[in-house]
Amino acid sequence: MKKNAATIFELGKTGRGAMAQRVPSGGTPANIPESQLRKVQPALPEVSELQVVRHYTNLSAKNFSIDNQFYPLGSCTMKYNPRGAHGAASLPGFLGRHPLAPEAVSQGFLACLYDLQEILKDVTGMQGVSLTPMAGAQGEFIGVAMIRAYHEARGDLERNEILVPNAAHGTNPATAVMCGYKVAEVGLDASGDVDTEALKAAVGPQTAGLMMTNPSTCGVFERRIREISGVVHDAGGLLYYDGANLNAILGKVKPSDMGFDVLHMNLHKTFATPHGGGGPGAGPVGVGERLLPYLPVPMVGERDGVYRWMTEKDLPQSIGRLSCFMGNAGILLRALAYALMLGREGMHRVGEYATLNANYLASRLEKAGFELAYPDRRATHEFVLTFSKQAKSMGVTAMDFAKRLLDYGIHAPTTYFPMLIAECFLIEPTETETLEELDAFVSALAAIQREAQSDPERLLSAPHDLPVRRLDDVKAARELDLVWRAR
Amino acid sequence: MKKNAATIFELGKTGRGAMAQRVPSGGTPANIPESQLRKVQPALPEVSELQVVRHYTNLSAKNFSIDNQFYPLGSCTMKYNPRGAHGAASLPGFLGRHPLAPEAVSQGFLACLYDLQEILKDVTGMQGVSLTPMAGAQGEFIGVAMIRAYHEARGDLERNEILVPNAAHGTNPATAVMCGYKVAEVGLDASGDVDTEALKAAVGPQTAGLMMTNPSTCGVFERRIREISGVVHDAGGLLYYDGANLNAILGKVKPSDMGFDVLHMNLHKTFATPHGGGGPGAGPVGVGERLLPYLPVPMVGERDGVYRWMTEKDLPQSIGRLSCFMGNAGILLRALAYALMLGREGMHRVGEYATLNANYLASRLEKAGFELAYPDRRATHEFVLTFSKQAKSMGVTAMDFAKRLLDYGIHAPTTYFPMLIAECFLIEPTETETLEELDAFVSALAAIQREAQSDPERLLSAPHDLPVRRLDDVKAARELDLVWRAR
Amino acid sequence: MPFIPHTPDDVQVMLAEIGAESIEDLFDEIPGELRVNELDGVPEGVSEMEMLGLMSARAAADVAGVCFIGAGCYDHHIPAAVWDLTARGEFMTAYTPYQAEASQGTLQLIYEYQSMMAALTGMDVSNASVYDGASGLGEAALMAMRANKKIKSRTILIAETVHPFYRETAQNIARHQGVEFKTIPVAANGLVDMSALDEVGEVTAVVVQQPNFFGLLEDVDAMTDWAGERGAFLIAVVNPLSLALLKPPGSWGSEGADIVCGDGQPLGIPMASGGPSFGFLCCRDKLVRQMPGRIIGRTEDLEGQPGFTLTLQAREQHIRRGKATSNICTNQGLLVTAATIHMSLMGACGLKQVAERCVAQTHKLVTALVSIPGVEERFCGPFFHERVLNLPRNSETVVSMLLEHGILGGLPLGEHYPGMEDALLVCATEKRTAGEIEHYRSALQMCLES
Amino acid sequence: MPFIPHTPDDVQVMLAEIGAESIEDLFDEIPGELRVNELDGVPEGVSEMEMLGLMSARAAADVAGVCFIGAGCYDHHIPAAVWDLTARGEFMTAYTPYQAEASQGTLQLIYEYQSMMAALTGMDVSNASVYDGASGLGEAALMAMRANKKIKSRTILIAETVHPFYRETAQNIARHQGVEFKTIPVAANGLVDMSALDEVGEVTAVVVQQPNFFGLLEDVDAMTDWAGERGAFLIAVVNPLSLALLKPPGSWGSEGADIVCGDGQPLGIPMASGGPSFGFLCCRDKLVRQMPGRIIGRTEDLEGQPGFTLTLQAREQHIRRGKATSNICTNQGLLVTAATIHMSLMGACGLKQVAERCVAQTHKLVTALVSIPGVEERFCGPFFHERVLNLPRNSETVVSMLLEHGILGGLPLGEHYPGMEDALLVCATEKRTAGEIEHYRSALQMCLES
Ligand SMILES: Cc1ncc(COP(=O)(O)O)c(C=O)c1O
Ligand SMILES: Cc1ncc(COP(=O)(O)O)c(C=O)c1O
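Chains as they are written, first to last, in the working numbering: chain P, 943 to 1429; chain B, 943 to 1429; chain Y, 39 to 488; chain Z, 39 to 488.
Simulated from the structure, these hints should not be mistaken for lab results. A virtual CB, placed ideally from N, CA and C, is assigned to each residue, including glycine. You may find that some hints are simply not true.
Stated by the list, open to error - Here are the computed lysine-lysine pairs in the PhoX-like style, where the Cα-Cα straight-line distance is at most 25 angstroms: (1) P:Lys1124 / Y:Lys324; (2) Z:Lys324 / B:Lys1417; (3) Y:Lys190 / P:Lys1124; (4) Z:Lys187 / B:Lys1124; (5) B:Lys1417 / Z:Lys361; (6) B:Lys1124 / Z:Lys361.
Stated by the list, open to error - Residues from chain P that keep clear of chain Z, each with C-beta distances beyond 10 angstroms, as calculated: (7) Pro1024; (8) Gly1029; (9) Leu1037; (10) Glu1045; (11) Thr1138; (12) Arg1168; (13) Lys1309; (14) Tyr1350; (15) Asp1415.
Said to hold, decoys possible - Covered stretches of chain P (in silico footprint by chain Y; criterion: 3 or more residues with CB under 8 angstroms from a CB of chain Y, positions within the stretch not fixed): (16) 1003-1016; (17) 1053-1066.
Using the sequences and the hints, build the whole thing.
Set out below in structure tokens:
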């Protein structure tokens, strides 16, 4: 029996409600003129408390999640989200804090932020860290805005272009544009490294900076990174490190040593905070010496064991405030909790075991007959598989493999990213999965491969055992149905 | 793909563990002699934290529950368990309290217990309430022990028998025996009421008391209850009220008015505390004047706004302590929270709407062609359906209907209870379910009835869509496999 | 090894499979000079128990008392069911619903959320969230800039009565694309100075906040019509809870607002030091392709059953890269989950009663406080649940003194509005009891007398 | 109507279906004189918000300080995952797993629990829980009485060093079936007085607690052998956490214990004022049919796949009624859920480290406190995590004074053991820090000097 997909609206009935949630009203306010009052009540659901609990409990069961399944989504670092970190952030003292409470009654919270700033400085090698960005992309925005502020402060006003390798995540070029830059893409060589000749040709007086990740989204470590940073620096540009892949090198390499001037980290990846079905995240930015004055506010300062907010008064060149309050504070607390439990030894191990898992999986899959995009390279914490051969010979695409994997109770890896590799999977197992789980993944893919030969229709029409069969994305975009209306 | 049923043990590996849970050991204690130390470590699972979270998250999904499904289990009162009550009991101040903390630092907690005692007194009409019993059956035990203490205190030592209607729940006779009594069962008449002639014949100088529920487990209200209590009282016996069905009459009838001397309540039924997959519950006892001196300790007393524990020093005739501390304190807090939210108006409505739902369901099922066990009686909060006809004509039993219902995403009603009605369902919808849910239940049963005619095998081999198919109980009992062993 | 399940045997098996001697070997492509070994700034690892010991002590240190601060973050009651459900692993530990078939829970929930937000604001569509209210205003400004093809100017008018942090944030976001914000000053009555509008030239959009930062109700009908007549978009910044009581932006003036944004915190999100919360963004149908962020659509599966999926992805950075409507990727999904459950539990009626009670309690608070000699209401117009009081002395000093009494007294306005050094913005939500209000009154009296 | 979803229309539709005029009509079989209308003792209903306001204030009122009390309930760390998982609606709001196919989650979990408890105690089987440790001892006594066919006496020997509340509870449960408890007195060293055993006649069982109520380690090997030689059952009352470190009852003496019981609170259950917790009950294979309560067995479904179900139900009251092994029905399922998850997270190693740290911290505590003049250890044998101290004055008075310093100092023993009015039972779990211990020491010093 398929579970039905009635919306919460369809469960409602006029006059029904979760009545224990009704507080005694103060009555229609006498002070508000009639013309300012709402005439027709908004069409929210009218449902009982049990209906709400049952509806959302059952909806939740229609999700895959780390807590339920192996979820090897490349570039997303779907590792275990420690419940202890959730517990720490959920302490009533933190949850009940008003963001504008005076510093005198905020020392515990400020101490946490300060400690996190220090830890993040150390693991990245940066000179200063600001915690305000609310996700990786906002970190990028803030980072590039700082690059811009730097050039402007020097009167270096002609730089209007940001370089981006073509394997980069979409947020990189989108960010550059939001910051008022043009984007120039740089290609890769056959081994997945940046084409340094192309880079040299591309840099110039117009270059404000280069944004890149390392390891790249191709799952390989950019070996010539020092050469690249040299080229960009020599041209007067700055280097932005997209820290989405920091998990690969946590405790092994510091971005500062590679020559980066500014970076963001995705705490919801590397620091194990939950993804929440699409957020919240946190994307703290770190900077080297040159960009220190431009860090966004608020930040936390300390003197003699007393913590305080640092604002534009303390940091007059700051690019300013980019969020109403202190960004995603609850995520920052979770990241600190995680860092405290890992400790310095644990930090070192993250990159090591993430890399071990990825290389093991790559090796096993290759022996099982799958094609690695970069067979001659070490995998980092992730690697790329391509199904081009299968697409040609059997007519089944990477997407078909992905959908069929869901039937096996495993979330599909990232598909069709990086865009430059055809029919690809970007696979990131993370360090928190067991050898057995990795082996089960290999078995599942191998079984699907056999199905592809014997019964390709099974893949083409997958998934079969999920709450819905394959969905029509084209219809979704053509016949927009974005809000519920009584039918 | 079926989810597999690997146990947590099979997920383990020597040396693996949830390492963030390892506290710095103090080292092997020097003061403990070698001979007292454990030689071989117990075979507990060796698993990572993620494995634990994933295993138990996925296991939980193999349960039906109120939060997921309609769960009309008769005599169990599977109503909505308010999350607010859970929140109240989970407040750190309550969770962190040591049970032996001095009274001076326990006033908040004691006030809660005192308020609950008072509320329970009022809704039952009893003179005193003790909250210690940890479930209904322990309440029964304590109640009958008080009956015994009463007779003994009066030197009335010949009374060695407890009367029990034969529809009674198994805990009633089992309790009587645990308290050292013999049990005499009394039959019912055709309308489901106690056969008063048989009762009169059964009472005598040996009668210590009568245990019964009203409404009975046949889902009807015992109309001659005052006559029955008269008969028993006249013979010198006392009346015990099994409050498992109190939901039917909450706010409508007080057990004291029916003539009962002592009762227990199932807070995990009538007061909406969660059943927890088989507990914990709470079964407070209430007594009339005569049994007041015998109430078990601890209880809570109040003077001038100061609360204190009452122990045997205050209650020298108490039957004493029946639990290490104050029973299931957390359940008592939940029940109080629920009572506060319901309030007196809400209390009245519980019995009303529970009865409305049951009568509606009974009426619709009867019209749909199902057979009520007591078609001429009003249903109370529950009612009995019998599948005797189907068993005879189609070879499908109540059990087959029950198993097939599971496929429809509805938990089966109680089956084969009360035992005296063949092939029966005891159906209790509770007041917190919607009309739509009740209608869906009727539709499901009607659909199964049609299947029984067209394809009885579908029922006989049900369930089909659950994590397991029908289980072999006989094998379970014959080839006992009660603990996991490496195979 | 916290969170790493590998046994020594596992490691050996895996290295053998890979053909490597040690884990270190796996890093052999990394130039040696880049390898680090010290992380002295990271403390040694502790157990969960010790970590929670430290964090609990810090959390407990900040318990400050009864909250009368508002200013964009409000101390509302959140039904217990909201976070019990939201924190379920299936919601909390899922990624963005890229594999739609394996994410119907989150997808359907967001569709329900979009529907609720559209209903509440009176708009046609909603996206799946932006970071917060302040950054959402930045996105709204950029969106107006892209969508309002009629107006050539890159100027956006913004009322000085909009939350100062929203104004700052929006400017910091939008300025890189050449957007210029012009401030409409606040009049003596605490509202937008409509007379100042006369001097304004061509503008792309007008931003107004309702209730405004001072808790007052602006003449939004007039503002909306003023904008409409000039071909400017009206961007509304609203408190979503207030919309259960107040006229929704979709009904402002004769045409309604064009874009509505704000912070979802009052809908079931704990204050939690200000985050994570979420920003919402709603608009008219015709603007949907200029909307940044994710949007969920209902569609069908190959059996014709309804299902939900990410749609209109061509607006987004992962497809459109540099040409996307925004760079936003991860948004505030889990908070949207909480808000959706919250709105379902409260319903329109429940939210309205909360809103009404907020007004009533704030009224009681103000009445109690102005009974103290020297304390006065600064503005007199109709208000929602915040109010500006003038104190007989520096409000920052008074707020510090109130801490001793366990009172978070409000937000001193001097830092944000020069000349308002004695002004205090106070707020009472439905949670504030008569006893707490009386406690505030007597504490304030003591502070002012001392 | 809180928790009732009926609209007025629904009620009309339903009454029409039933053929009744009003809900009141549905009660027409109830004699009129029995109908009540007033419930004056129940207050008027309040919203969840107001209820939580009241309960929070009461919970906060009881925050008492650092806990050094043990005596059967211990302040251990509980991994956050334990209750996050346990509180999932699927576990918390399910009933007893009567429909096995729809309850595989709970059933498999209990099977795992039984396996863990058997491993921990060194016994063959475990049931699915009883109410608590104290009532479990009552059940164990009755079980021994039924199972020990060799002995005719109805006497059970119980050490005076068993928790006083356990002794009281067990007697109150078992006495109705004619069981007589004889107490073996405590010797001057705080252990069972073995010499007193010589005078004892035929007994059905002997009850010993390890570690005993004073925290001391009894000579359980000798006791077990003594019982075995006389055909008496040995009933062990144990702290399950201690079994990660101490010899399990299954290995006591030459034959091991026959029945093992105790309270599961140290395995992931919050102190929560003492309940709900759970009692465990384990025994030898051959006694399983005398075991009270539920037992889960592994079996197969009709496709031969493994599955789990309630088994041996013929022992239980719902089948066997008056002839059942006990009347127990609802047990403590949810706490068993928590304990199972707790044991999985801790593993044998993790529990052992906690146990070792408890010993170490208690050692530190005792060392600190006896450094105060007049404070002495009362007994000197090896101990687990509790210790009896003699104070220079009435210990109940001292405990009251310590409250002012935020210290819950321990359990005064005078009430339970006449003559021990100056004795105090103290406990330090793994959670107690060096700072807290020092704080206790200095507070005690101040109290004693004043
Ligand atoms: C390589 C890369 N960069 C940047 C981002 C953007 O981070 P966020 O989603 O937190 O905004 C992502 C997220 O998927 C990413 O994978
Ligand atoms: C009629 C009746 N009496 C007594 C009980 C026993 O209550 P408990 O399970 O709480 O011990 C039950 C429980 O199902 C019952 O239905």
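(request) Return the numbers of the hints above that this structure violates; sort them in rising order. (result) 1, 7 and 8
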